[in-house]
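Undergrad: Given chain A, put chain B in place with the hints provided.
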Amino acid sequence: MEFTVSKLDLTQALYKAQGVVDRKTAQNILSHVLIESTSSTGIRVVATDYDVVLTGHYNAEVAVAGRMTVGAKHLFEVVKTLPDKPVHLTALDNHWVEVRCGSSRFKLAGLPPGDFPERTQPEGLKYFRIPKRLLSDLVDRTLFSVSHDETRPSLNGVFLRVVREENEVRLTMVSTDGHRLSKAEALGGDTGEFGPAAEAVIHTKALNELKRSLEGSEPDTQVAFHRGNVHFMNDEVTLQVRQLDETFPDYTKVIPQRSTVRVPIAKALFVAAIRRIATLTSAKTNIIRFELSPGRLVLSSSNPEMGEGRDELVVDNEAAEISVGFNFKYLLDVLGIISGENVHLSLSDQFSPGLLTSPEDAGSLFVVMPMRV
Amino acid sequence: MKIIHIDMDAYYASVEQHDNAALRGKPVVVGGDPRSRGVVATCSYEARRFGVRSAMSCAEAYRRCPSAIFVRPNMSRYVEISRQIRDIFERVTDQVEPLSLDEAYLDVTQNALGMPLARDVAVWIRQAILAATGLTASAGVSSTKLVAKIASDIRKPNGLTVIPPSRAEAFLAPLPVRRLWGVGAATASKLEGLGFRTAADLARADPRELERHLGRFGPLLCRLARGDDPRRVTPERPPKSRGSETTLSVDVLDRQVILRLIDDHASDVADDLTRIRRAGRTITLKIRYADFETVTRSRSLPAPTHDARLISEVARALLDSTRAGERPVRLVGVSVSGFPDASMPEQLVLDFEAGHRLEPPASVTVRAPDPEAH
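In the order they appear, the protein sequences are chains A and B.
Its first residue numbered 1, the first sequence is counted upward by one per residue in the numbering used here.
Its first residue numbered 1001, the second sequence is counted upward by one per residue in the numbering used here.
Isolated chain A (complex conformation):
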């Protein structure tokens, strides 16, 4: 195989592959990318870890058709240092690959392309179309609260549900680590042949990869559900993700349907007060105490070794008196992602979940369990 490709395209392809390939063991075929010709003017670059298959299509002048594999990490490191000129790759004997660009010349070790995991692009996928912006907003609103506890595999991913609504799709994403829960929802796009509904739990690794692959120039991404896999197609890149074989918990049960009080708070002031008071909380617990009384919300923290701090926000609250503790990091995570200048903090009592919403972020809600003081 022999072809010429632009340095920019090849760098892009390899950059996207970095998150998928196994970067630790160089001898492993999963640390390699497969490059194969699709026509005299195109190549395909594939990276996989079995759960995720990333396939990118790029323009290239193919002189000799064929396929090759090469270590993704080494090739990326070589290519990104090259001058901005066409890059020539040639398959040599014993799976070596020669890389030439301007005056530079490299010989990199490869593995037999036949060792690369077989994958077939399924036929007849029923894609729907949604704006990338919308999908990436949902990922941002849920990825941070996924559980990394391997003993709770059903929480190691984001729950994704898609429902057809007339010509549009309603997309819901939910994640939880058992202490907090994030839910984001949006309606838009174009349903295409998709319908009526589908759901899946998708591992965080795949979602991080999805975010990378959403960086292209087209406004929309296409999504299809097919036999335990979810396919995302963006510009020249397709991402095939195996969904987790886990049942996501019934999250509707833990979302407070009504709370004793809903307090509007200016987000910027809230964040500033939390950061200030958090300086004195114990690193072990991250707890901040909140005391809500008519007209005000008092934040406080204390640490036997350092001292104590207290701050006060004027809030619109008539009668409720609630005292509750929260891990401040959970609150800052939410306040860092939720849109709008004002947030609503809904509370019931010291044992019940708190709820953060924003009138300017209508599809999103964030549940945070308190800490028992």
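The hints are simulated quantities; they were obtained by calculation from the structure and are not laboratory data.
Glycine is no exception: its CB is placed at the ideal position from the N, C-alpha and C atoms.
If a hint is listed, it holds; no wrong ones were tucked in.
Ranges of calculated distance between the beta carbons of each label pair, as one might list FRET restraints:
id, chain 1, residue 1, chain 2, residue 2, range
1, A, E123, B, R1255, 36 to 46 Å
2, B, A1317, A, E215, 31 to 41 Å
3, B, D1264, A, N28, 40 to 50 Å
4, A, S154, B, I1154, 58 to 68 Å
5, A, R133, B, D1341, 40 to 50 Å
6, B, A1317, A, Y15, 29 to 39 Å
TA: Relative to the frame of chain A, chain B by itself:
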């Protein structure tokens, strides 16, 4: 200080004899089957005359006393009666330190009965226990835990022994060092090697010399031997762990059998945790191979749990790092520890099973002594 040590007489066996008239006056052994590999939990005084003792193998107990009636323990019954006894203690004082189901220290310096003499309080308690449960208890009364505990054993069963503070040192003097708190077999033989045979020997010793040999425990031991026990009665020590284990009737190679046992134990431990309203972060699997080599494997979770499924999942995974399946196994146990410090704030968890309603979870209520109760 006025301290009472209460110790039920042959507790499990007495409960069985009380519940079943056919067992009264007979040697009764509570424990495993005599053909099994279980051990004696408790035996009646009739059985003790034949030389049967707690912790002896049931086979040995049977050899010494073939006429003994072997009874399987009925723990829930013992727990139930223990609660009744605990209630009686709490009518007297909230300064109760239970040591087990059948044994407790009470600090009765202040007591709800308004009795100035600890002896009178002890008499009242023993009568109240007998009236409520039909069982007898022995009591030791003194100014320290150490002396009260040793005293309760002097006139067992159904005895009461009072050692006034002025007689405490003389009372301890002739006792072998082994009887003192904190002295086990190893320390005892070390002390004997140094020429300390009795409490009196220790009472005369130079605390600094003892410190050289025993470390920080040395000077404390010296104080104990003089009848000076600084330990206070500490009500309800918070539990550190909860566990459940079984010794198998035959050694097992089949991993499936072990996995099922793990599930059972996980479920027992979870029930127990739920009952005491605790959750732990560390899950430990204990495996004893047929040759008695015992291994434990632990894993800590990011958050405390009392969920049977999760406990079992983790314990099952831990089994992979043992040699169960290749080597025969005779004991399987699961425990949960790492309870969050009650004084530390604890992150509450979302309850996906029951959901969240508006009422707070029920909390543990600490009973205050009620002087109006009688």
